[in-house]
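> This is what each chain is made of:
2 protein chains.
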Amino acid sequence: MLQTKPQDRLSAALAPELEQVNDLIRSRMASRHAPRIPEVSAHLIEAGGKRIRPMLTLAAAKMCGYDGPYHVHLAATVEFIHTATLLHDDVVDESRQRRGRPTANLLWDNKSSVLVGDYLFARSFQLMVEPGSLPVLGILSNAAATIAEGEVLQLTAASNLATDADTYLQIVRGKTAALFAAATESGGVIAGASEAQVDALRTYGDALGIAFQMADDLIDWTPSETTGKGFGDDFRERKMTLAVIRALETADDDERAFWTRTIGKGNQTDDDLETALAILDRRGALESVREDALGYAARAKEALTALPDHELRDMLRDLADFVVERIA
Amino acid sequence: MLQTKPQDRLSAALAPELEQVNDLIRSRMASRHAPRIPEVSAHLIEAGGKRIRPMLTLAAAKMCGYDGPYHVHLAATVEFIHTATLLHDDVVDESRQRRGRPTANLLWDNKSSVLVGDYLFARSFQLMVEPGSLPVLGILSNAAATIAEGEVLQLTAASNLATDADTYLQIVRGKTAALFAAATESGGVIAGASEAQVDALRTYGDALGIAFQMADDLIDWTPSETTGKGFGDDFRERKMTLAVIRALETADDDERAFWTRTIGKGNQTDDDLETALAILDRRGALESVREDALGYAARAKEALTALPDHELRDMLRDLADFVVERIA
Chain A
1 MLQTKPQDRL SAALAPELEQ VNDLIRSRMA SRHAPRIPEV SAHLIEAGGK RIRPMLTLAA
61 AKMCGYDGPY HVHLAATVEF IHTATLLHDD VVDESRQRRG RPTANLLWDN KSSVLVGDYL
121 FARSFQLMVE PGSLPVLGIL SNAAATIAEG EVLQLTAASN LATDADTYLQ IVRGKTAALF
181 AAATESGGVI AGASEAQVDA LRTYGDALGI AFQMADDLID WTPSETTGKG FGDDFRERKM
241 TLAVIRALET ADDDERAFWT RTIGKGNQTD DDLETALAIL DRRGALESVR EDALGYAARA
301 KEALTALPDH ELRDMLRDLA DFVVERIA
Chain W
1 MLQTKPQDRL SAALAPELEQ VNDLIRSRMA SRHAPRIPEV SAHLIEAGGK RIRPMLTLAA
61 AKMCGYDGPY HVHLAATVEF IHTATLLHDD VVDESRQRRG RPTANLLWDN KSSVLVGDYL
121 FARSFQLMVE PGSLPVLGIL SNAAATIAEG EVLQLTAASN LATDADTYLQ IVRGKTAALF
181 AAATESGGVI AGASEAQVDA LRTYGDALGI AFQMADDLID WTPSETTGKG FGDDFRERKM
241 TLAVIRALET ADDDERAFWT RTIGKGNQTD DDLETALAIL DRRGALESVR EDALGYAARA
301 KEALTALPDH ELRDMLRDLA DFVVERIA
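Residue numbers (the UniProt record's numbering), protein chains in the order written: chain A, 1 to 328; chain W, 1 to 328.
Hints listed in this document are in silico derivations from the structure and should not be mistaken for laboratory results. Glycine included, every Cβ here is placed at the ideal spot set by N, Cα and C. You may find that some hints are simply not true.
Just a few of them, taken from the derived set where beta-carbon distance is under 7 angstroms, the chain A residues facing chain W [as the list claims (entries may be wrong)]:
1. 36
2. 106
3. 123
4. 156
With a straight-line cut-off of 20 angstroms between C-alpha atoms, the simulated DMTMM-like cross-links for lysine to aspartate or glutamate are [unchecked claim]:
5. W:265 - A:109
6. A:111 - W:19
7. A:239 - A:199
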């Protein structure tokens with residue numbers, strides 16, 4: 001029997017709510033005066049993102065017994081924040097492709113991406129105010145700050161060999177885990193879940209996000225046509241991902257000189273990627289990151305035990321396995 | 001006797017609160033992990049902006065009898081939103097100077113300006129949540145959306161001869177009036193002012209902002225070394241300001257051809273600015289905008305009559321005169 005992916009099972013179980021989220025997103029990205037806004041937004045939002053973050057919010061709320069309307073608002077909020085971030089990311093990274101299509105900055109221009117991103121941020125704040133829950137507003141506005149701080153940190157950490165594991169974790173939280181955690185936590189809070197359950201939901205989202213991002217960074221070091229990511233992209237972009245940070249901790253003089261030249265100074269030749277991989281392997285850096293990622297996935301699953309027995313909980317558990325499946 | 005500017009009198013009357021606002025801004029733009037953030041923010045925030053928006057919030061709250069601490073949070077919030085907007089504006093406009101200093105996008109790069117702007121937006125939302133007032137959150141998040149929408153509108157309206165006066169007003173609200181109105185209105189709401197007073201404060205801020213921006217756009221058509229703005233900048237940047245919109249409404253064929261070539265197609269020669277000015281003058285466009293700006297200043301002052309008799313109210317009244325003084 002073919003095993004369905006957990007995100008597809010979540011999508012099926014949450015189909016009516018997801019439809020409401022999509023309707024809300026569509027109505028809120030409209031602009032009576034500036035048609036450029038829905039054009040740019042729709043290009044990205046309709047491009048077939050997996051809606052993981054809204055599903056996390058919906059699942060968390062439903063699992064905790066929520067039967068009101070506002071988990072839909074919060075789910076749309078996190079998707080708007082995510083989309084705004086992608087628009088700005090693509091400007092900052094000068095990306096040309098996203099979700100298999102040309103980026104908005106390429107189709108329109110950087111200006112449109114910056115300003116439409118700002119509009120979606122503002123819309124997300126309008127949306128999150130509507131449920132009228134101050135604790136939820138605290139959670140989501142804190143997440144927005146962590147995301148933005150992580151982005152700046154990523155910018156300044158690139159090619160900086162002094163970047164440590166703590167900084168890497170902050171960047172990963174900014175890129176992925178902070179919004180995952182805010183998505184699950186706010187779902188629990190709007191449902192009136194107990195403090196212990198809310199803590200568990202936050203821990204789940206945070207650990208899931210870290211596991212996902214660590215696995216994603218590790219895949220970048222995997223020479224394969226099937227992963228869908230370009231082998232060695234991070235190395236070429238001189239990103240300080242955790243494997244390199246670990247390898248630097250025990251580097252000998254030659255290795256340190258190698259990283260200084262290739263990542264610190266950006267002076268790379270064709271053979272360097274293979275050399276880099278050999279060093280990471282020799283220093284056990286890839287294996288160490290792999291173990292960390294699996295550890296975070298396990299922590300995510302462990303947190304779920306504090307939550308009510310529910311088919312959605314089982315799907316979230318399987319989702320934690322799924323995000324590290326490619327490296328397990 | 002030398003007449004002191006109303007903003008200087010406001011600054012003196014609000015000195016202790018402004019000091020608290022500055023302290024709060026300084027503490028909230030810090031980032032433990034990413035020192036780039038306070039570097040970029042401080043470059044702009046410490047550059048001697050006039051703090052008009054925070055003063056509007058403080059004055060509105062104080063005038064309505066507020067004696068709590070949260071007008072300081074709201075004042076810092078509006079300054080953060082303003083600063084974030086400036087950072088993104090300078091990227092979008094490719095500006096090289098702001099407040100007499102090189103722009104952040106020039107000193108660092110566009111990436112830093114985009115991401116630090118995002119950080120300040122997120123920080124502003126954290127700050128506005130702290131007073132725990134849902135009505136205030138509605139006001140400020142709506143203003144943020146109007147600002148962002150206005151920015152996109154300005155981008156798409158440039159060089160578009162079909163831009164009408166209604167669109168111009170939306171752009172002006174986005175650029176200036178929406179945040180002015182949110183600044184005064186939120187000050188009244190946090191002070192627990194009556195609905196009539198809150199309405200009056202919103203009307204004052206909105207009309208003041210429109211009067212200020214209309215006057216600013218008009219100054220652009222004034223050939224003088226003393227205005228501090230470059231004569232004809234908007235024309236060269238093909239902006240559809242109100243004077244051009246008005247002149248187009250009654251344009252003959254030759255004039256329409258002129259505007260189509262110079263603003264629509266951006267095909268300008270050295271003599272065109274003078275020709276443009278002659279057309280605007282012939283069509284009474286400058287005079288008509290001037291009357292509108294003075295009308296909005298009068299409307300701002302009229303709104304203040306609904307508010308308590310207070311020295312701060314008198315300063316706000318004088319401020320409405322001051323923003324149109326250059327064109328009166």
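> Against each hint, give a clear statement of whether it holds in the structure.
We went through each hint and held it up to the structure:
| no. | hint | verdict |
| --- | --- | --- |
| 1 | 36 | holds (5 angstroms) |
| 2 | 106 | violated (16 angstroms) |
| 3 | 123 | holds (6 angstroms) |
| 4 | 156 | holds (5 angstroms) |
| 5 | W:265 - A:109 | holds (19 angstroms) |
| 6 | A:111 - W:19 | violated (35 angstroms) |
| 7 | A:239 - A:199 | violated (32 angstroms) |
The structure shown violates the earlier hints numbered 2, 6, 7.
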